[in-house]
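Asks: Protein sequences, first through last, are from chains A and B. By the count of our numbering, the first sequence reaches residue 438 at its end, each step adding exactly one. By the count of our numbering, the second sequence reaches residue 428 at its end, each step adding exactly one.
There could be a bad hint or two in this list.
To be verified - Below, a sample of chain A positions facing chain B; criterion: calculated Cβ distance under 7 Å:
1. S126
2. Y131
3. A134
4. V138
5. A216
6. Y310
7. M314
8. F320
Unchecked claim - Cβ-Cβ distance ranges computed for the label pairs, FRET-style:
9. B/E330 - A/E305: 42 to 52 Å
10. B/G50 - A/G197: 19 to 29 Å
11. B/W157 - A/S319: 47 to 57 Å
12. B/P118 - A/S319: 50 to 60 Å
13. B/L165 - A/F20: 37 to 47 Å
14. A/S319 - B/T385: 54 to 64 Å
15. A/D265 - B/F154: 28 to 38 Å
16. B/E408 - A/D265: 33 to 43 Å
17. B/Q156 - A/A223: 32 to 42 Å
18. B/L164 - A/A117: 49 to 59 Å
As the list claims (entries may be wrong) - From the derived model, a few chain B residues whose C-beta atoms are all more than 12 Å from chain A:
19. D158
20. G159
21. L164
22. G226
23. Q256
24. E330
25. R363
26. A382
Since the hints were derived computationally from the structure, they do not count as laboratory data. Virtual Cβ for every residue (Gly too), placed ideally from N, Cα, C.
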Amino acid sequence: MEAVPARARAYVACVAAAAFLCLLPLSAVRTPWWALALLAALSAGCEQAAARWRFAGTFYPVLLAGTFLLPPPAAALVALPGALLSPVERRPQGLRRLWRAAQLAVSVWAAARVHGAMGGRAAVESSDFPYALAPAGVAVLVFCLVLSLLDGGILALAERIPVRRAWHGLFLRSLAPVAVHGLAGLMMAVLWRSPYGPVAALLVLLPMGVSGWVFAQYHRERAAHQATIRALVQAVDIKDEYTRGHSERVGQASMMIARELGMDDARIEVLRFAGILHDVGKLGVPTRLLRKDGPLTPEERRVIELHPEYGHEMVRGISFLGEARAAVLHHHERLDGSGYPYGLMGGQIPEPARVVAVADAFDAMTSTRSYRRARPVGAALEELERCAGSQFDPRMVTALVRALSRHGWHPAVTADEGDELGVPRPRPTAAGWPGVRR
Amino acid sequence: MAGGTQVSSLSARRTPHRRSPLLTLVHTSAVLLALGSLALVLWTGLEERGTALAFGVLITVGELNRRSGPHVREAAPLGAAGALSYALLGEDAGAPTHHGAAQVVTVVLAASLVGSVPHVGRGQGPTADQLARRVLTVGFAAVCFQPLYNQGTFTQWDGPAYALLLLALLSLTALCDAVLAAALAHSRTRWPFGPLLRDELRALPGIGSAVVATGAVMALAVAVVGLWALPVFSVPLLLTQLSVRRYAAVRCTYRQTIASLARATEIAGYTPAGHARRVAALSREVGRDLGMSRPELTVLEYAALMHDIGQLSLVDPVPAGATAALPLAEQRRIALLGGAVVRQTGVDAAVAVVVERQADPCREQPLAARIVRAVNAYEEKARDTGPGGPLTALEELRLGTAGDYAPEVVEALARVLSRDCLTSPVTG
């Protein structure tokens, strides 16, 4: 979003004006200035630390402690320095900082207002538990609500996302983390007012900071893990130039079938991995055989047919793949028992393997190989339906037909960057894939 | 050379370890402390039963959420924090408490045992070491604090000073716990004590500091608002525990995936089965012997697992995958290809650097690359050679130390082999 639409700018200006109005009565209320300054500095420091260690999401405990401790205009002021000084990566930075500051100031003001009206500040001062939990809970709800309302507005105006979709889930998704931060904020506020003072309150931040840091590490590690899985697939692509992008497309088709069959999300994800990794065993087949043009001798065919077992040997140590491992082993079995490696029949073949078999055959037919041109999607589906019952499970074929008629076939290929591996990669043999958006 | 006699003990492998005196000492003192506390509590009875029950429930809940595994540093942070805060509890909603150190130890031990019953059923209960550590650290904190508090020594410490006092006591306790943990690990595994202690101390700012801070906050918060503080503040710590658990899970999965990627060269017939895994395990031991830290060891292990991955780019396999026997230029080319593959895998760039530089002259290499090079050469020379093979292989490495293999790494390798650490549990 390099060019911000004028109406989004106007929206930001309106929210900033509202924030200014919230801050205006500051001179009229009795403000504990040293507490305000300390909280504002803390909040700014936390904001910087969160940006430096790439926390997922904002760090709210200090802001919420301010909400529970200070009168509304003062609490809103706590948010300003942190938001105005926070590092922003995307342009226009000035506008984004202003937006962040105004949005937080308005939300904190609203929450502090409600909290004060319910007598929350007195309850914090006298540490009147469990009553103090009630105003704090309502304040957290209000904070979340205002924040997500404002967020939805900017999404709709600046990114042109439809209003319904912009708001969808925004509130519920933010509620749980903010509620936990709210509990920490409440503890901070109570300790701040206690004889032990701000020193004790600061200690609350330590576990919250550690938690955020670990969570950020978790996200980083997960991203690295996904890249590693892709690397496994690319290693196959290096050897077998015909099947470029085949693995990811099979993953996508398997996922579509699984979704059509109404499987739960975890199982759909496992099936995606099963599709992506089904040919990983080709790493064990000599490159010469994989690239051979013309008919294979029976001996060569037997060597190629070892690839499901090689693949299973490779992935069997990866426990999160679960059922996908069986799919890698059995994706060349046929319903009538004439497949390999074990010649299983019908229901003996694990369900994920039956899904991947259909997805594999479908993509093989609809993509161009050096020895033949691609078939259109319709012809491929007819062929699948012809072989349903003998080679493929009719349930899976029907599910694929239904899924394709509903969503169409638009595989996105991400593993398209080539030559960095230092291996000259052959150019694709045909101009492109019919019906495939690259 | 002195190393020769060390290596000759390789033939006398797998002699059963004698139980180390340190281990006996720790366990005996933990048992004595627990029994003494129990006897004292039975004699005098429980003070403030409600508070004891509340903390007991908290610790039990923390233990029920226990998660153990090779890469989990604090298995039950909530239980640990609850136990420490009970040890340092002075007031309850403004009224002074009267429980003594003996009661603290008894309640904590009883709650820990109750909370670990389901885990014992699954065969994953806390080990004797963990229980001994829990009892001794909590006992230490309670003995430092409770008698003095009950005599009224701290009455003139007002507000913030009291908070700082608790923090200082807890930090001291955490230090003692780190020393104890390192000592126990040392006597169990016979890995050098220094690096183990350094690892423990390095981990303190992470989950350790969260536990200490939570313990202090809970003790103070209970003093202000009473027992309501316990549920309110255990939610954030449970969140921390959840993040730690998910992080550990994804790390474990990641390690498995890297190991599978490493197996690709074996499946493809470029290297013998198990080679990458053996080089990784032995490299880790050598790295530990040379005092590398935990993150460095992870980089070393991943690099060792993937050190041969460059061979995937070769059209014809190297005979038996023995890269150490190839001309140097060829070795370097394979190393660079491997580095390029590793860079694509999204692993820490440090791993790619180690893989890339494994064939450089050892003076220019980073330590991890030196280790991978020496261990790989040892593994290739020593396998399939029957008895006496390891000795000959080590001698060859020593003779080659002038340029190829770093002398300090070869000596560390000799020490590791003579210590027979290969039988220690290899994680992964």
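Asks: All hints are to be evaluated individually against the structure, with a verdict given for each.
Replies: Now the hints, each set against the structure:
1. S126: Since the shortest Cβ distance to chain B is 10 Å, the answer is violated.
2. Y131: The hint is violated - A/Y131 has no Cβ within 7 Å of chain B, the shortest such distance being about 10 Å.
3. A134: For A/A134, the interface hint is violated, since the closest Cβ of chain B sits about 13 Å away, which is over 7 Å.
4. V138: Since the shortest Cβ distance to chain B is 16 Å, the answer is violated.
5. A216: Violated: closest Cβ of chain B sits about 9 Å from A/A216, beyond 7 Å.
6. Y310: Holds - the Cβ of A/Y310 comes within 7 Å of chain B, reaching about 5 Å at its closest.
7. M314: This hint holds: A/M314 lies near chain B, its Cβ roughly 5 Å from the closest one there, short of 7 Å.
8. F320: With Cβ-Cβ at 5 Å, under 7 Å, it holds.
9. B/E330 - A/E305: 42 to 52 Å: At 33 Å between Cβs, range violated.
10. B/G50 - A/G197: 19 to 29 Å: Given range 19 to 29 Å: holds, Cβ gap about 28 Å.
11. B/W157 - A/S319: 47 to 57 Å: Hint holds: Cβ distance 52 Å, inside 47 to 57 Å.
12. B/P118 - A/S319: 50 to 60 Å: 22 Å, violated
13. B/L165 - A/F20: 37 to 47 Å: 45 Å, holds
14. A/S319 - B/T385: 54 to 64 Å: Cβ of A/S319 to Cβ of B/T385: about 35 Å, so the range 54 to 64 Å is violated.
15. A/D265 - B/F154: 28 to 38 Å: Cβ of A/D265 to Cβ of B/F154: about 54 Å, so the range 28 to 38 Å is violated.
16. B/E408 - A/D265: 33 to 43 Å: 52 Å, violated
17. B/Q156 - A/A223: 32 to 42 Å: Check failed, 54 Å falls outside 32 to 42 Å.
18. B/L164 - A/A117: 49 to 59 Å: 36 Å, violated
19. D158: 7 Å, violated
20. G159: 4 Å, violated
21. L164: Nearest chain A Cβ is 6 Å from B/L164, so the label is violated.
22. G226: 7 Å, violated
23. Q256: Given that some Cβ of chain A is not farther than 12 Å from that of B/Q256, nearest at about 5 Å, it is violated.
24. E330: With a cut-off of 12 Å, B/E330 remains clear of chain A, as the shortest Cβ separation is near 14 Å.
25. R363: 26 Å, holds
26. A382: 25 Å, holds
When each numbered hint is compared with the structure, violations occur for hints 1, 2, 3, 4, 5, 9, 12, 14, 15, 16, 17, 18, 19, 20, 21, 22, 23.
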